[in-house]
Each structure stands twice: as C-alpha cells, then as structure tokens.
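Sequences listed follow chains H and Y, in order. One point on numbering: in our numbering, the residue at position 60 of the first sequence is 60, and numbering is uninterrupted. One point on numbering: in our numbering, the residue at position 184 of the second sequence is 184, and numbering is uninterrupted.
Hint data in this document are derived by calculation from the structure and do not stem from the laboratory. Careful: at least some of the hints might be erroneous.
Said to hold, decoys possible - Keeping only pairs whose Cα atoms sit at most 27 Å apart, straight-line, the calculated DSSO-like set for lysine-lysine is:
1. Y:LYS167 <-> H:LYS75
2. Y:LYS9 <-> H:LYS79
3. H:LYS124 <-> H:LYS74
4. H:LYS124 <-> H:LYS81
5. Y:LYS102 <-> H:LYS79
6. H:LYS124 <-> Y:LYS88
7. H:LYS79 <-> Y:LYS12
8. H:LYS46 <-> Y:LYS167
9. Y:LYS102 <-> Y:LYS9
10. Y:LYS167 <-> H:LYS74
11. H:LYS124 <-> H:LYS79
12. Y:LYS102 <-> H:LYS74
13. H:LYS81 <-> Y:LYS167
14. Y:LYS167 <-> H:LYS118
15. Y:LYS9 <-> H:LYS46
16. Y:LYS31 <-> Y:LYS9
17. H:LYS79 <-> H:LYS46
18. H:LYS81 <-> Y:LYS88
19. Y:LYS88 <-> H:LYS74
20. Y:LYS88 <-> H:LYS79
21. Y:LYS31 <-> H:LYS79
22. H:LYS75 <-> Y:LYS88
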Amino acid sequence: MEWPDFYPENCPPEEGEPASGIVYRLVRNDPPQTIDFTTYYEENPKFFEGNPHLICKGCGVSVYRDPKDITRLKKRYKKFKNRHIAEGELNPALGVILHTPSPRIISHHTWWVPVGTKHWVVFKVISE
Amino acid sequence: MADILNIPKLGKLEIVEIYDYYDQPVLFSCKNTDGDLYLVVAADENDQYETWLYAQISVDRLNLIRSDTIDLHDAFADTEDGNVFQVKFPYDDTTPLTEQVKSSQISEDMIPDSGEYLELRPKGPPLPFTITGALIGVLLRSKTFEIETIERTYTGIITDEAFETVKNATLSREYTAEIQEVSQRSGSSDLITNPTYLLISLR
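Here chain Y stands alone, though its shape is the one from the complex:
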C-alpha cells in the first residue's frame, strides 16, 4: 500500500490540486506542514514496489507548468533545485525508501515524455454568475451547466471538484466559474452529448 501523502523525509502532505486520476491521483501538487510545495507523479511499478517522484517546486514554477510553458518532462528532469525525491513503496507495507536523486539522472522510463503538457489552461474567461435555488437543482440533478454571457452561451459538464462547491453553495451568492474548453473526441460515448466545456472550479 503506497501511502503517498505520508513520506518520511517530506512529512505529511496535503493535496493542493489533482491533475490526473486513475483509481487514485497519478499527477498532483501537494504541500507539507512547512508549506513546501511538491509536484508528484506515479513513475513505475514492478512485482515488489511502486515508485513515485516528488519534485519540490515554487508557486511561480507550478504556474509555468499549469500554463503549459514548461512541460511535464522538464518538470521532473530539470527541477529548480536539481533534485527529485524518488520514493519506493514496497507492497509488503515495509517502510518506503526515500532517496534524493539528481533530476538530470532520473530515468526517462519514469517521467512523461517531452512535449507532454498539463493542458489545464482554461480557454474562456472566468465567468461571474449567481447561484440560485433553481440553478442548484438543475446542476445537482444533471451535473451539467449552461452559462449565458453577452458574447455566447457556455454549456458543458461539471467536474467533481466544482460539484463539491455546488453541493455546499450559498444561494444567491455570486460565484466566479472557471471553465475550460475541451477538444471533441470521437463519438464513442452517448453519455457526453457533445459538451465543449468543463466547469472546473467555482470560487
């Protein structure tokens, strides 16, 4: 069992943002109790253990990664301090092995390829809109949204994180919605009904 938020040399970690998820977060940012920020990726697995990489990162650099200025390869292969923590979690639940290694020496077999970007940048402005009781009902039932602005109407699906805010929303308060344009995929799913936007957060 990989207790990925409890690392002996880093301390207890708290998730800041999850960027990709497969049964669990596989790429995410987190911070420890000292406020040190880390970018973390699921790097390898074999019959004995699984390996994760933890790269300490400044807020400015994380924003460069979030804005697709720095790719995910360099996020781990060329870190600010030149190091990465490589943590091996044995499947027999013995203590994880944490090693600090030179980021330039991390195996290419463990990190995303060059040219892989986070691709989280929202396309479209943050939209202020008011949460009403009627709107809450619609959003909770269908998990889809439709927001009208002067320029156009944005329609799409609400992500899990934004949905948590919707469930606890204060009626009649104005929220700023961060939306992201998504590429159209092949028409293999009847469930999606051609959304073009994701509502990724409400503040």
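If we strip away everything but chain H, and leave its shape as in the complex, we get:
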C-alpha cells in the first residue's frame, strides 16, 4: 500500500487496523467528491508547526462509527450546518483506520487513505 508523500514516518500508526465497516462523514457535495476527503495537513500545514504531535492524525480524515455522533457534531457546530451526512462501507484496500475518541465523542476514528484509490465512490449521502 502506498501512502501520500506528505505522510511522516510511522504513519499510519502501527496500532491502526485495515479499514472496514460502515462509517459516516460530513461532506459538502452530493454525491461526495474527492475534495470532501482532503486532509487538514494538506489544507493547513502551518498549523502543525506548533503541533507536531498531531501531524499523523492530521494526515487522516475524521469518520464516525455511530450516526448519532455525527448528527450531534453537525448540530453543535454551525460551520457544518449545510453539510450532508454521508455513509460509506470501507474495505482493506481503502487504507487504515484507528479508533481515536475524544472526551466527548467516542465513535470518532481516523482513516488514512492510500494513493490511487477512488475512496469517495463508496460514500453516499443519507441525510441533509
């Protein structure tokens, strides 16, 4: 599996598992496009100059296992009010996933996507 050039060493982390199962993500487009899976590291590398411990996480994208969690996130943070909830079923060819809960949202996972995959096609919008 080949990872993007901007990934640091040891990323994805060893404790990550082959991607699998149903996950949920907030997307701008219906149907979802590749741009809906842009990593924060690609968007804002400067952020990580003062936060190097977050680089590997920032090279992945956030997904949730529990649809209630993503609904709560969308309701709580008005930045996401116009985004759609998309559902996708992952498989090992689509990379590596790791459970990375926050103190509030337990089903948060980080998903690292290898190069050359059309990962966005496995997602479909299920809710506005």
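Fit chain Y to the given chain H structure using the hints.
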C-alpha cells in the same frame, strides 16, 4: 486555508486544550504570547470563506465552562468583556478579516445552541497509579487500560493526548490518571467492546 492559530489582532496562538475534533480542532482553548486565553469555535462556512469565533476568557470562566456551569452558547453570546473576535478566512488565502463584534449580536446561526455543554467533567476520581514496563507494553499495544482501585476496576480506552504521555512515560514513576465516564452508545461498533471510561490525561 484557515490559519486558525495566527490571527492579525490576536497574534500567534498556542493550543491549550482541544475539546472537539473533526479533521481539525473545531472547539478549543488557546493562548497568545501575552498569556491571553481564548475559547475558539468553528462558526460558519460558505463558498468564499470560513468563519471562526474567538472569545477572550479568564481561567475562572473557562473552568466554569469546563465544569458545565456555563453552556457553550453563553460562552460566546455573553462573554466577560461583551465582545468576540469574528475572523473570516477567505479560501483564496488573502488576509483574514478580523472584526471585534458585540457578543450579544453574534448570529445564533454561528454558535452552539443553548443547553449544549462541554461535558468534559470527569466522573470518577483522579487515580494515582504506577507506570511499569509491563504496563507500558500493554497500553501501547492495545490503547486500552485497566486500573484497579480498592473500590472498583476502571476499564476503557486511552485518548490521543494521554497516549502521547504513555509513549514518553518514565517507568516506575507514579502518574495521576484523569478518567471520564462516557455514556453507552448504541451497539453499532464492534471495535469499542463496551468501554465505560476514557483515560483523558496523565500527569
């Protein structure tokens, strides 16, 4: 690109705590080089720019928010100094526009609803326990923990922040673990194996 830690009127900012994360921190506290503390939230986005709100905050007020005495709505709608910095980051990377606005005039469409609390308060005491080599091995492999006290055994998952401490831990030193009870969600994930606690920090 929203360089959310570099704001013209506030200076360079350093993250203090991240409360919620979606690809990036979306609710967090931070401080500038003068030691001014801010609570920051991702507030809006459109085709041209994204908007963030920065509310200057005292340590005492942040603790009231952290302890769910003040909700997130009022944290931004009713600030101590009556103001909020509203920062618009254009997608074309031109200079962000920073405006100081009255917190009472912030649109309800930008801030969490009334009744939304931080919900970070740990339920359960901080637990002193000793990090040993064998324990480190277990924690690093599985990212789960099991801590026994006289009263009960706490089991659960280690958050990213606590995991960083585990990776750099000094063997045989005693650490204080801050744990938080979490509500059970619907059984939609096989990965979670019914944890009831998060180990959120080690000091």
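Verification of the supplied hints:
no. : hint                  : verdict
1   : Y:LYS167 <-> H:LYS75  : violated (35 Å)
2   : Y:LYS9 <-> H:LYS79    : holds (22 Å)
3   : H:LYS124 <-> H:LYS74  : holds (17 Å)
4   : H:LYS124 <-> H:LYS81  : holds (18 Å)
5   : Y:LYS102 <-> H:LYS79  : holds (20 Å)
6   : H:LYS124 <-> Y:LYS88  : violated (30 Å)
7   : H:LYS79 <-> Y:LYS12   : holds (23 Å)
8   : H:LYS46 <-> Y:LYS167  : holds (25 Å)
9   : Y:LYS102 <-> Y:LYS9   : holds (16 Å)
10  : Y:LYS167 <-> H:LYS74  : violated (33 Å)
11  : H:LYS124 <-> H:LYS79  : holds (21 Å)
12  : Y:LYS102 <-> H:LYS74  : holds (25 Å)
13  : H:LYS81 <-> Y:LYS167  : violated (37 Å)
14  : Y:LYS167 <-> H:LYS118 : violated (34 Å)
15  : Y:LYS9 <-> H:LYS46    : holds (18 Å)
16  : Y:LYS31 <-> Y:LYS9    : holds (13 Å)
17  : H:LYS79 <-> H:LYS46   : holds (21 Å)
18  : H:LYS81 <-> Y:LYS88   : holds (17 Å)
19  : Y:LYS88 <-> H:LYS74   : holds (20 Å)
20  : Y:LYS88 <-> H:LYS79   : holds (12 Å)
21  : Y:LYS31 <-> H:LYS79   : holds (22 Å)
22  : H:LYS75 <-> Y:LYS88   : holds (21 Å)
Of the numbered hints stated above, those contradicted by the structure are hints 1, 6, 10, 13 and 14, listed in ascending order.
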